[in-house]
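There are 2 protein chains.
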Amino acid sequence: MTKTAGKNKFKVHFNPDNVEIVVDQGENLLQAAIAAGVRIYASCGGAGTCGTCKVQIEKGDVETARTDKITDEEFSKGIRQACQTRVLSDLSVYIPVESRLEKAVLAQEQKRVSEIIATGWRFVPPLSKYFVELPPPTLDDNTSDLSRLLRGLRQRYHLSNLSIEFNVVQKLANTLRDGKWKATVTTLVTAAKPRAGDRRQPRVIDIEPGDTRDKHYSLAFDIGTTTVYGQLLDLNRGRVVAESMAYNGQISYGEDVITRIAYCQKPGGLKKLQQTIVATINGIIGELQARSKVDAGRISHIMAAGNTVMTQILLGLNPQHIRLTPYTPVANFFPAVPASSLGIEVGDHAYLFTFPAVASYVGGDIVSGIVGSGVHQRKALTFFMDIGTNGEIVIGNSDWMVTASCSAGPAFEGGGIKHGIIAAEGAIEDVKINRSDFEPEIGTIGNAKPKGICGSGLINTVAELLENGVIGQNGKYNRDLPTKRVRPGTDGYEYVLARASETQTGSDIVITEVDIDNLMRAKAAMYAGCQTLCKSVGSGGCDFEQVIIAGAFGSNIDIRRAITIGLLPEMPEDKFIFIGNGSLLGARLTSFSTDLLDDARRVAQMMTNLELSENVEFMNNYVAALFLPHTNAEEFPGVSKRLAGGSNNNQKERIKV
Amino acid sequence: MTKTAGKNKFKVHFNPDNVEIVVDQGENLLQAAIAAGVRIYASCGGAGTCGTCKVQIEKGDVETARTDKITDEEFSKGIRQACQTRVLSDLSVYIPVESRLEKAVLAQEQKRVSEIIATGWRFVPPLSKYFVELPPPTLDDNTSDLSRLLRGLRQRYHLSNLSIEFNVVQKLANTLRDGKWKATVTTLVTAAKPRAGDRRQPRVIDIEPGDTRDKHYSLAFDIGTTTVYGQLLDLNRGRVVAESMAYNGQISYGEDVITRIAYCQKPGGLKKLQQTIVATINGIIGELQARSKVDAGRISHIMAAGNTVMTQILLGLNPQHIRLTPYTPVANFFPAVPASSLGIEVGDHAYLFTFPAVASYVGGDIVSGIVGSGVHQRKALTFFMDIGTNGEIVIGNSDWMVTASCSAGPAFEGGGIKHGIIAAEGAIEDVKINRSDFEPEIGTIGNAKPKGICGSGLINTVAELLENGVIGQNGKYNRDLPTKRVRPGTDGYEYVLARASETQTGSDIVITEVDIDNLMRAKAAMYAGCQTLCKSVGSGGCDFEQVIIAGAFGSNIDIRRAITIGLLPEMPEDKFIFIGNGSLLGARLTSFSTDLLDDARRVAQMMTNLELSENVEFMNNYVAALFLPHTNAEEFPGVSKRLAGGSNNNQKERIKV
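Residue numbers (the working numbering), protein chains in the order written: chain P, 405 to 1061; chain W, 405 to 1061.
There may be inaccurate statements among the hints.
Below, in silico cross-link-like pairs of lysine-lysine (DSS-like), each with a Cα-Cα straight-line distance of 30 Å or less [claimed, not checked]:
1. W:Lys584 / P:Lys670
2. P:Lys586 / W:Lys675
3. W:Lys697 / W:Lys575
4. W:Lys575 / P:Lys670
5. W:Lys670 / P:Lys670
6. P:Lys575 / W:Lys676
7. P:Lys575 / W:Lys670
8. P:Lys675 / W:Lys584
9. P:Lys675 / W:Lys586
10. P:Lys979 / P:Lys1045
Partner residues are not named here, just some residues of chain P that face chain W (Cβ under 8 Å, in silico) [claimed, not checked]:
11. Ser548
12. Glu569
13. Thr729
14. Thr732
15. Asn736
Keep in mind that the hints were calculated from the coordinates and are not lab data.
We put the beta carbon where it would ideally sit given N, CA and C, even for glycine.
So here's chain P without its partners, still in its complex pose (with noise of 0.2 Å):
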């Protein structure tokens, strides 16, 4: 960035953001847009080489230095590459949508994950960086270095709304004088906007000297009861720079979040849990500065999503209401709190924020899942889904939400099952039986040598055995069939999918009725979850324009045979669409922008929360749901009416996301 010798200052007007900024004759238009907070998407990083910052010169002069990028039309209509173009008077700069940031950061997103994201927001983190050269002081203009930063903060970026964190004011003096004047603030948006109308009131939570706007990081995590998924984010161009996961350490400590709160009513329990998930955190956060080479102490912010159990516990409030009737959380939604407090390794100043919850058992991850998924902003009513050891409902849309929770129980991940696992290498999680001698092909994870069966292999091969007869709708298996792969076991009849001679363990992997019957509880606390919510907001046939699958398991259904099983509800498979990791893709966007970050906690408080632990209607569907696929038939017309013609399996039109 060269400057012209003349001293001249002038006015630059951006729209549609209507935001201006005074700068020195000949500065870049790019810099002086990124100086006015008006964030142009410049993906080569201000060469000139990807046409991306392209704006429109509504009125006043520039100097560019013209490139192919630019075509003759748009050039004569005024159309520049900003990085290319300096100012030379008074200007009025539009900035077309396509070179916005959240344009890029949507299709960036949009190729992660799929289309059904949250849109319409713009890109505004709540954590910002600033730039300021400020006047050293004189006799004439001695006031204090607070007063004269906020000034600073006031002429360039008409800031003027700011509270300073106390250790912000500590080491104000001796920053400012090592940077010569120029420093860099950063702040942080914490709260809602206490209504329409009211100005937010950002924190500035850390200074530095100098220029460091380049290094503008915060972490997107997703605290799972089982995993653990981590993102660092660099905020300036809205994108993913590393990402990481590992098994939360808390799992020595017991599989699901019952036995985690139970462990943390012994002495000393809470606070073990505690550092053991920030133990899993600060893991992560060593693998993501080893895989970005950014330092953790650049890391300025934290948003978590998780269930209310793995909040608490992280945040070192003790669940223990939330096992017993009624089950209450403590909180709903959690003031942020600085990282170093709870010991997690990443700048001091760092705030962690986790997502508000809904219900002890309806936790900041589904929120997280909503917002990121957007279902909060269309009118058609959708069906979100995040299928798991809490299989967690939500029914609703712009307008109103109502959820619950299933305890489905720990099958869909493997747990409880003889032969269960995670999906990892070596997981079956295809499975194709010959209808003509009932025997199995089977497909594994890495295409190794099996060595168990994961939650989406088990409801392959159970929708595979009822389709082929193998099993009746009952979940019992036919004991009548001219096969030895069916046999009398310890739980029951079983179904050998794969000969000890085949296996990494050395010994047969069996289907047991004892683990159909699970895998049946499982999805039929699901259905009968999703049939009560229904009932309760009068919505008749639950006409969703859209079901929305979320969990990192939930991606790996296949959609044909989770209906045969009755997990799924029978509908054209075109509606159901998965989101993958729905309490990271919310964590990750809320990171992006303070809109979204709003609708987390307008969500959290507009999601009615159903308790169907005690709920008599609950009940009934759920013992009526434990057939495959129902007891009902006319509930599942299709698959009940394929039954009973015994045909149509191995349907080639399977759809693998």
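Got chain P sorted already, so can you dock chain W onto it with the hints?
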């Protein structure tokens, strides 16, 4: 408080507050008002004996126990004692101004200080307590503990815009259950309203089981360079419960702010001085606790006013840049900090608020004094001066204020004076000199044997010496007088105020020419500062309606004599008003009223500081003022005439306040 058996609920509307509360039939009207946040003065605590809680029933039915405090005429107008009245229907109740708590507090304060005190504020302390009885959670109502609490606060007190401290969330579940769903929360307003129309966002800083509203305490502190004053305030009654003072322990590290700043630059020096002032504060808190029997753990807030150096050291902010040109403080306003983080021994949840400063040498103590004395509320031009080691002066009214600091030197506090001592027992404070034989008649504090001379004594002595021709207007002794009281000494000529045989010290107590010179320098700095400030605002003749003199020392000044030596401008004596410790006054009043706290922020911002240290005009004025009373006789026409006439000594109409 008894309740009738009926479960009827009635609305009680209070005017002019325009707030409403729903209560059970039979509720005591005083309790209803307290619950609604309407502040009624009830000096007897509701026993019916004081008659201060009179209200007017505008509409509706009540049951009342009439006492002789209500006249027939009052009774016929619907006037009742709130404490003796029960609600029998929906009511509209008017609180007359004389029953309002702020009226009572104002009356107490005026008795305590003077008629010059901020008025027109509402009794709405920044620290509040609210009691809620919550319905225990059920399966139909199993919202989180925090949401339940906030709902209760919203329903009962219309509080809807609270932020929550994490420490409250941490102890929430146990506190609510320990108190059987009855709890008292403490809220604090720490930030100014962002702008008119915006709502405040009080922080919930504490929660206690049960109803603890009767324990509602805060502290007001004046942190002086030499002396620290503390008061324990009962925020239910707007009263000082106990007060105490102590020398600032930092005195051992230097007498004035400059030496303290220097000490801070030594390794560990800042930390040492911070610990020292905290120890002084804790000593005072211990004393307040002993005197009041109030547990210091129940103290929930501290308002502290001090000069900029004292404030920065207390907060651990190195004051190094205050000492050197261009004299910049770290901040003009300081975030509230947890008092316990500094080691102050009050409730863990308590915050320390320090008054905003104007500049390095015009600190929060001056802002506090201005607000406490209501200078910012008056249209008339006021001259405010705080006389001490570092004399600060303010000129202004409700629209504008200018201020300056004059390095007066320590003479006013007895510093740099051969036999100078602070104003304690045995200090000579009153002196009359017989014109015929030049013998002195002295008065000491506590009528003890003299042991030195304090600042006010020095002023009185020099004025007497001047009026009786013992010294000339140049401050030098007339060596030809027929008295042995004037004699040569080690520091030039001196006057013997008390002979060795009469003193505690066993040595003569004298006033030397060097002492007189030091006093002249001090008074010249104050007077020249005032002149320079007047000139800077173009207010011509400085036509002040009032001169407010703050500072513990100020109260003991003899106005006439202070005019005689040229310390105070020559004006009618009834224009001078003493308010004593203005810094403590402001700290106390802002503890009672958030209105005044907002004023303090506004005042700090509206004051323009004039830097005198390198101001040429100030230097000229200063040199011209190094004479008694002044080189320009027109500045003090009355004194000059009197001195020329050589009469009028020993005036009897001296005002002592």
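Going down the list of hints, with the structure as the test:
A C-alpha spacing of about 24 Å is found between lysine 584 (chain W) and lysine 670 (chain P), which places the hinted pair at or below 30 Å, so the restraint holds. Pair hint lysine 586 (chain P) plus lysine 675 (chain W) holds up; C-alpha atoms about 28 Å apart against a cutoff of 30 Å. As the CA atoms of lysine 697 (chain W) and lysine 575 (chain W) are separated by approximately 26 Å, the hinted pair is consistent with the 30 Å bound. Of the supplied pair hints, the one linking lysine 575 (chain W) and lysine 670 (chain P) holds, its CA atoms being roughly 18 Å apart against a limit of 30 Å.
With a CA separation close to 49 Å, the supplied pair lysine 670 (chain W) and lysine 670 (chain P) exceeds the 30 Å bound. Note on lysine 575 (chain P) and lysine 676 (chain W): the hinted pairing holds, with a Cα-Cα distance of about 19 Å set against a maximum of 30 Å. Straight-line distance between C-alpha atoms of lysine 575 (chain P) and lysine 670 (chain W) comes to about 18 Å, which keeps the hinted pair within the 30 Å bound. A distance of roughly 26 Å separates the Cα atoms of lysine 675 (chain P) and lysine 584 (chain W); the hinted pair therefore holds under the 30 Å criterion.
A hinted pair counts as satisfied when its Cα atoms are at most 30 Å apart, and lysine 675 (chain P) with lysine 586 (chain W) qualifies at roughly 28 Å. The suggested pairing of lysine 979 (chain P) with lysine 1045 (chain P) holds, with an alpha-carbon distance near 21 Å, which does not exceed 30 Å. Because the beta carbon of serine 548 (chain P) sits about 4 Å from the nearest beta carbon in chain W, less than 8 Å, this interface hint is met. For glutamate 569 (chain P), the suggested interface contact is upheld, since its CB lies about 7 Å from the closest CB of chain W, less than 8 Å.
Taking 8 Å as the C-beta cut-off, the interface hint given for threonine 729 (chain P) holds, the closest approach to chain W being about 6 Å. A cut of 8 Å between beta carbons decides the hint on threonine 732 (chain P): the least distance to chain W is about 5 Å, and the hint holds. With a cut of 8 Å, the hint placing asparagine 736 (chain P) at the interface with chain W holds, because the nearest CB-to-CB distance is about 4 Å.
Consistency with the previously given hints fails for number 5 only.
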